[in-house]
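Colleague: As they're listed, the protein sequences go chains A and B. Counting with this note's numbering, you get residues 1 to 994 for the letters of the first sequence. Counting with this note's numbering, you get residues 1 to 296 for the letters of the second sequence.
In short, the hints are calculated from the structure, not lab data. Fair warning: there could be bad hints in the mix.
As the list claims (entries may be wrong) - For each label pair, taking beta carbons as the anchor points, the in silico distance ranges come out as:
{"#": "1", "chain 1": "A", "residue 1": "251", "chain 2": "B", "residue 2": "263", "range": "34 to 42 Å"}
{"#": "2", "chain 1": "B", "residue 1": "236", "chain 2": "A", "residue 2": "131", "range": "52 to 60 Å"}
{"#": "3", "chain 1": "A", "residue 1": "952", "chain 2": "B", "residue 2": "250", "range": "20 to 28 Å"}
{"#": "4", "chain 1": "B", "residue 1": "177", "chain 2": "A", "residue 2": "8", "range": "49 to 57 Å"}
{"#": "5", "chain 1": "B", "residue 1": "174", "chain 2": "A", "residue 2": "817", "range": "35 to 43 Å"}
{"#": "6", "chain 1": "B", "residue 1": "66", "chain 2": "A", "residue 2": "131", "range": "47 to 55 Å"}
{"#": "7", "chain 1": "B", "residue 1": "270", "chain 2": "A", "residue 2": "636", "range": "27 to 35 Å"}
{"#": "8", "chain 1": "B", "residue 1": "270", "chain 2": "A", "residue 2": "952", "range": "17 to 25 Å"}
{"#": "9", "chain 1": "A", "residue 1": "230", "chain 2": "B", "residue 2": "23", "range": "28 to 36 Å"}
{"#": "10", "chain 1": "B", "residue 1": "156", "chain 2": "A", "residue 2": "230", "range": "35 to 43 Å"}
{"#": "11", "chain 1": "A", "residue 1": "817", "chain 2": "B", "residue 2": "156", "range": "47 to 55 Å"}
{"#": "12", "chain 1": "A", "residue 1": "214", "chain 2": "B", "residue 2": "15", "range": "20 to 28 Å"}
{"#": "13", "chain 1": "B", "residue 1": "157", "chain 2": "A", "residue 2": "201", "range": "40 to 48 Å"}
As the list claims (entries may be wrong) - One side only, chain A facing chain B, incomplete, derived with CB under 8 Å:
{"#": "14", "residue": "7"}
{"#": "15", "residue": "9"}
{"#": "16", "residue": "64"}
{"#": "17", "residue": "69"}
{"#": "18", "residue": "71"}
{"#": "19", "residue": "278"}
{"#": "20", "residue": "280"}
{"#": "21", "residue": "434"}
Just so you know, these numbers come straight off a predicted model, no measurement behind them. Glycine residues also receive a C-beta, built at the ideal position from the N, C-alpha and C atoms.
So the chains spell out like this:
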Amino acid sequence: MGDGAGTVHRSIELRVNGRTYNVSVKDNEILLDVLRDKLHLTGTKKGCELGVCGACTVLIDGEPVNSCLVLASSQEGHDITTIEGLEQDGTLHPIQKSFINEGAIQCGYCTPGMILSARALIDRNPDPSDDEIKTALSGSLCRCTGYTAIMRAVKNWKKYSDETVGHPDDLESYATVGRSIPRLDAADKATGRARYTADYHFPGMLCGRILGSTVAHGKIKDIDTSKACALPGVVCVITGEDVPDIKYGVSPARYDEYVLAKELVRYVGDEVAAVAAVDEETAERAIELIEVDYEELPAVFTPREAIAEGAPQLHDHPRFKNNINTSVEHDFGDIERGFEEADYIREESFTGNHTHQSPMEPHASIAQWEQGGRLILYTSTQVPHYVHYMLAHVFQLPLGEIKVMSPAVGGGFGGKAETTPLDLCASILARKTGRPVKMVYSRKDMFHHGRGRHKQHMQFRLGVKKDGTITAFDSKIYLDGGAYTSFGVVTAYYAGSMMPTLYHIPNYRYRGYRVFTNKPACGAMRGHGVPQPRFAFECLLNMVADEIGIDPVSIRMKNAMDRNTRTVNDLDIRSCEFKATLEAAARDSGWDEKYRNLPPGKGIGIGSGGFVSGAGYAIYRGEVRMSHEKTQKTFMKKAVFPHANAVVKILEDGMAAVLFIGAAEIGQGAETVLSQMCAEALGIPVERVHIRCEDTDISPIDLGAYSSRVTLMGGNAVVMASGQVVEQLLPIAAGELGCDASVLTVHDGRISSKDDANISMDWAEAARIYFNENGPLVGTGFYKPPEGLGGDYKGAAVGTSPAYSFGTTICELAVDLDTGKVTLDKFTDSHDCGTPINPKMVHGQVEGAVVMAAGETLMEDVVFDEKGDIVNPNLHEYLVMTIKDAPEIMGGIVDSYEPEGPFGAKEVGEGSTLPVMGAVAHAIARAAGVWVTDLPVTPEKILRALKEKHYREERGTREETRGTWQEGRPSKPFEPKPVVGKRAPDPKTVRRGE
Amino acid sequence: MRLPDIVLHEPETIAEACDLLNEYCPRARVLAGGTDILVDLKQGRITGVERLVSLKRISGLDSIDETGDAIRIGALVTLNQASRDRNIVKYFPALIDALESMAAYPVRNIATVAGNIAGAVPSSDLAPFFIVAGGEAVLSSGDGERSVRIEDYFLGPRQTVCGECEIMTHLVLPKPGPATGMSYHKFMLREANALAVAGVGAMLALKVGPADTILESRVALTAVAPKPVIARDAAARLEGKSPSPEAFEEAGRIARCEAKPITDIRGTDEYRANLVEVLTVRALNDALERARSGGA
């Protein structure tokens with residue numbers, strides 16, 4: 001469809017993976033689209049379509065090229081290899097095996113391109129140097145791995161010419177938990193078999209697109225869709241009139257978005273219309289034919305503009321006076337007294353940046369309605385349940401009338417933590433047309449959809465005693481929220497609540513204001529709300545340490561959180577080996593020798609951080625039911641329903657277990673660690689565990705992959721469900737073995753007596769007997785966070801968690817003092833994640849976090865023009881680090897045991913992001929002699945600061961010392977309150993596996 | 001993100017290609033690697049193009065040949081092909097520096113050397129090298145051809161002296177003389193897949209003796225003016241002098257004044273001017289080292 005006068009179809013022969021395909025193509029068709037849509041070789045991924053991300057890399061005559069930059073019709077006579085062509089007769093190529101075993105695969109979306117580029121390299125040069133590997137893979141962006149494991153996989157590929165592979169990181173004490181087994185989905189991802197939402201195709205399927213506003217603030221006077229409707233191939237066009245009069249969002253108290261704008265648009269990109277057509281090309285053209293007449297309204301683009309007297313108001317609601325969406329006023333301890341006790345007070349302001357998750361897989365949705373009116377939605381999401389819940393809310397359907405399917409997800413980082421306009425528009429278009437509708441964001445759409453990190457404007461004041469003891473901390477933050485609430489209420493609270501978890505802060509004041517601006521809404525991004533304040537705090541602490549003459553490691557040790565402590569804002573910290581992370585990072589990096597001894601241009605810096613291991617409360621209060629039909633319940637400081645739920649069913653022959661759990665696998669490895677824990681608790685090999693996460697019909701709800709909750713909460717549910725199976729099985733075995741069930745234990749597929757190894761039977765045999773006698777062997781489990789989490793003040797729920805992670809990173813880098821350019825050399829990271837379930841995957845999370853956060857510190861920023869449009873909505877100018885930018889990363893895990901976690905485990909994925917930004921900025925300050933306090937710390941800003949410093953020095957004006965010394969009032973020794981509930985043991989005393 | 005409707009022509013001779021351009025201009029464009037034009041078409045940055053005339057089937061355009069005192073690079077030679085070529089490696093290491101700074105490896109398997117010149121974007125990475133190396137473009141109109149020095153080739157952003165119906169078939173580089181060194185220094189915001197914030201190419205030809213003298217010098221700049229430019233005054237100041245840090249720093253200061261940078265997302269005009277000064281000194285130092293170590 002959409003054939004213009006100048007369109008020519010021609011029949012060509014394409015030779016792909018050794019097979020010849022006769023295919024009819026138009027001259028304007030791109031090889032990538034022909035491979036995916038006509039040959040159904042969906043292992044070739046679509047990431048940016050402009051030759052930057054490399055997800056679409058294929059080999060043409062043995063050399064990697066971006067298939068998005070090549071016309072299909074000119075490829076006759078060439079040999080094309082896609083990822084599907086690497087496997088020969090069922091045997092993987094050694095480079096595929098190496099990627100699988102070395103942990104080089106996470107979300108898997110960059111994997112096909114990476115593997116093909118690597119394959120071409122080792123064909124040319126079987127022993128490539130590090131630089132050669134980096135050059136060869138420089139065209140593929142990876143958002144998950146930090147490239148460390150990918151480098152290792154390419155270097156070690158020869159090892160996988162034969163089969164045997166060991167796992168050097170393994171903990172000895174458990175059979176499965178603690179072992180660095182390869183990800184369960186790695187082989188599918190290494191071969192192109194793994195299917196992501198956009199890879200699905202259904203008969204009769206239509207393609208949809210959304211039209212976004214071209215003005216930052218305006219009234220829709222008229223929408224003329226007639227030309228779009230008249231375009232051949234267009235099946236349906238919808239506007240605000242066609243969508244429910246029901247607002248949606250994330251925080252129930254502030255649902256403020258319509259599926260399509262009804263009257264007002266509030267940012268460039270705000271959704272105004274959607275189209276379904278027979279193919280993507282026609283849908284794209286149709287969107288361009290929709291004419292929207294706007295009455296442009298004045299707009300505001302910064303919090304300062306937005307809160308000014310007389311500023312245009314984005315939302316006409318008394319609750320949002322002065323465009324303030326959320327305000328937080330928290331006071332803990334006695335802030336005035338705290339500053340009176342200080343000997344040294346230092347104030348500084350910091351500015352964050354607009355960063356964007358930019359997962360490699362663009363958001364995608366496919367909706368279809370079954371006969372009888374049941375909605376089935378395939379979606380690329382981190383939170384299948386919240387999508388389920390929100391569809392029910394918008395369409396006023398019981399949850400049972402909706403099924404959400406989550407295929408493989410190519411990374412999220414918070415950007416896929418909410419229901420998207422794609423989910424909702426696809427559902428509406430599918431209902432209106434009676435056909436399945438697929439909608440996929442372009443890379444540009446992703447930036448316009450937004451939901452990235454809030455840019456925060458921070459004013460901090462810190463008081464310390466001469467010895468570095470913190471006496472008071474005062475924080476005032478304006479968060480640039482964009483046009484809608486999204487996660488923003490929570491963000492504003494997190495920005496304050498997580499500050500006292502790392503250090504003992506006896507007196508703390510936080511003022512947080514999230515402000516509406518005419519830009520895409522900001523949401524939750526890795527470390528939700530905390531990375532920028534954490535960056536600022538770590539910088540300020542380092543400034544203070546240097547100014548009062550205390551080593552930055554020592555000032556942290558002095559104030560570091562201890563295990564079993566209730567913080568000043570009433571968060572219960574159980575396991576906490578923060579001090580051990582400080583000691584390990586300092587030791588392993590050679591901190592003491594380096595800190596004051598590096599030449600100009602070289603720097604070493606430190607930062608610390610940590611995060612919740614699962615939010616203590618669900619996003620909505622009350623029961624799991626359609627939100628519009630229930631009344632808000634009073635907050636009772638306890639979970640209304642279990643946040644994670646699992647069912648373990650044993651196959652009837654006893655040889656396998658199926659684990660049903662709605663947890664979201666988004667690349668972080670949830671399926672693998674949950675399966676490991678299931679196997680461990682059942683006492684069977686992990687190969688016998690099969691996990692089903694993707695279907696809300698068959699798996700009980702799990703709230704999803706946000707707030708770093710899956711390992712701890714999902715894990716606890718899995719352990720409970722598995723334990724219930726074992727509980728039912730042991731009496732059967734006891735009967736067979738003629739002993740008491742209480743002496744029996746399960747291990748590696750056997751049920752044996754703890755007292756006598758000769759009393760033992762096959763696990764599967766016992767399971768068969770159980771089935772024969774009793775029917776299905778099923779265990780169920782659930783996890784509710786502990787009751788009573790948090791204090792009794794407004795907003796106390798945010799920041800609560802069963803457990804908290806801690807970590808320290810030390811960054812070494814070089815600054816080119818003539819240009820300001822930063823070259824990252826090395827990170828030495830140490831993390832307290834409790835007991836690691838899969839150490840290699842823990843390292844993978846840390847490595848990915850280091851590179852993402854280092855990129856946020858140095859180069860990432862969504863830039864807006866004076867009309868509120870994004871200048872760089874692409875991966876060419878929104879700078880995600882490449883393999884050539886990535887530093888060497890030495891990751892360490894300290895011994896720790898979390899009593900609330902399964903096998904003592906807690907989170908790592910978000911917490912490991914938090915130390916990085918401060919460490920990078922500190923290292924730059926040490927290398928260049930200047931602090932840059934607004935993110936990103938670009939070469940230009942560094943050079944400007946250097947020039948200002950030289951100017952001051954030439955004129956003989958010394959840099960003013962920003963801190964103030966005073967005679968501090970004597971202070972009482974700080975006595976932290978103890979935690980409520982379980983207490984963490986000293987990890988040295990824990991004997992795992994018993 | 002789809003391309004607009006286009007018709008692809010794959011002529012087998014230059015003459016046929018030029019005829020097609022004659023027939024369909026201005027709605028026809030030449031397609032070599034396509035990494036610029038396809039991206040521009042996808043993004044709607046250029047409109048009104050209905051036909052692409054591919055050079056792919058024209059013989060003789062996909063090789064690098066040594067012809068007496070020159071090296072000829074065909075219009076279909078890709079960036080990676082050039083950076084592996086024996087003659088390029090031998091005579092023009094500075095070209096390899098420039099090639100390897102561009103885009104990323106897979107794109108360099110598609111993008112062509114000639115395309116980077118012909119596209120005439122203000123941040124062309126190859127232009128400074130071709131200018132300082134004294135390169136020329138061969139433009140063919142089907143019934144005849146002409147040579148244009150690269151330093152005279154650019155008129156403005158994406159504007160060149162190449163006629164709408166002319167095709168750049170080759171780039172020609174004279175082999176460097178004795179004791180001649182060239183270099184290219186690029187500043188970018190990440191290590192791959194990034195455009196130049198500023199780039200400087202330099203050439204120094206020395207009279208070797210107990211005290212070196214600069215016989216000839218050239219400096220060219222990219223991403224700091226509407227088109228790649230030659231920094232004549234900076235280079236002129238060096239000729240006849242002996243190479244020294246002071247002389248290079250002076251040349252850097254002059255080059256800075258010859259740049260006409262703008263402010264955009266990659267950097268402010270002032271920062272770019274700074275970079276020109278720094279990169280000029282670095283490029284001259286590299287060129288000097290290469291000149292002293294036997295040339296090229």
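Colleague: Against each hint, give a clear statement of whether it holds in the structure.
Modeller: Hint-by-hint comparison with the structure:
| no. | hint | in the structure |
| --- | --- | --- |
| 1 | 251/A <-> 263/B: 34 to 42 Å | 39 Å, holds |
| 2 | 236/B <-> 131/A: 52 to 60 Å | 38 Å, violated |
| 3 | 952/A <-> 250/B: 20 to 28 Å | 26 Å, holds |
| 4 | 177/B <-> 8/A: 49 to 57 Å | 51 Å, holds |
| 5 | 174/B <-> 817/A: 35 to 43 Å | 38 Å, holds |
| 6 | 66/B <-> 131/A: 47 to 55 Å | 29 Å, violated |
| 7 | 270/B <-> 636/A: 27 to 35 Å | 59 Å, violated |
| 8 | 270/B <-> 952/A: 17 to 25 Å | 18 Å, holds |
| 9 | 230/A <-> 23/B: 28 to 36 Å | 32 Å, holds |
| 10 | 156/B <-> 230/A: 35 to 43 Å | 40 Å, holds |
| 11 | 817/A <-> 156/B: 47 to 55 Å | 35 Å, violated |
| 12 | 214/A <-> 15/B: 20 to 28 Å | 46 Å, violated |
| 13 | 157/B <-> 201/A: 40 to 48 Å | 42 Å, holds |
| 14 | 7 | 5 Å, holds |
| 15 | 9 | 11 Å, violated |
| 16 | 64 | 4 Å, holds |
| 17 | 69 | 5 Å, holds |
| 18 | 71 | 6 Å, holds |
| 19 | 278 | 13 Å, violated |
| 20 | 280 | 7 Å, holds |
| 21 | 434 | 26 Å, violated |
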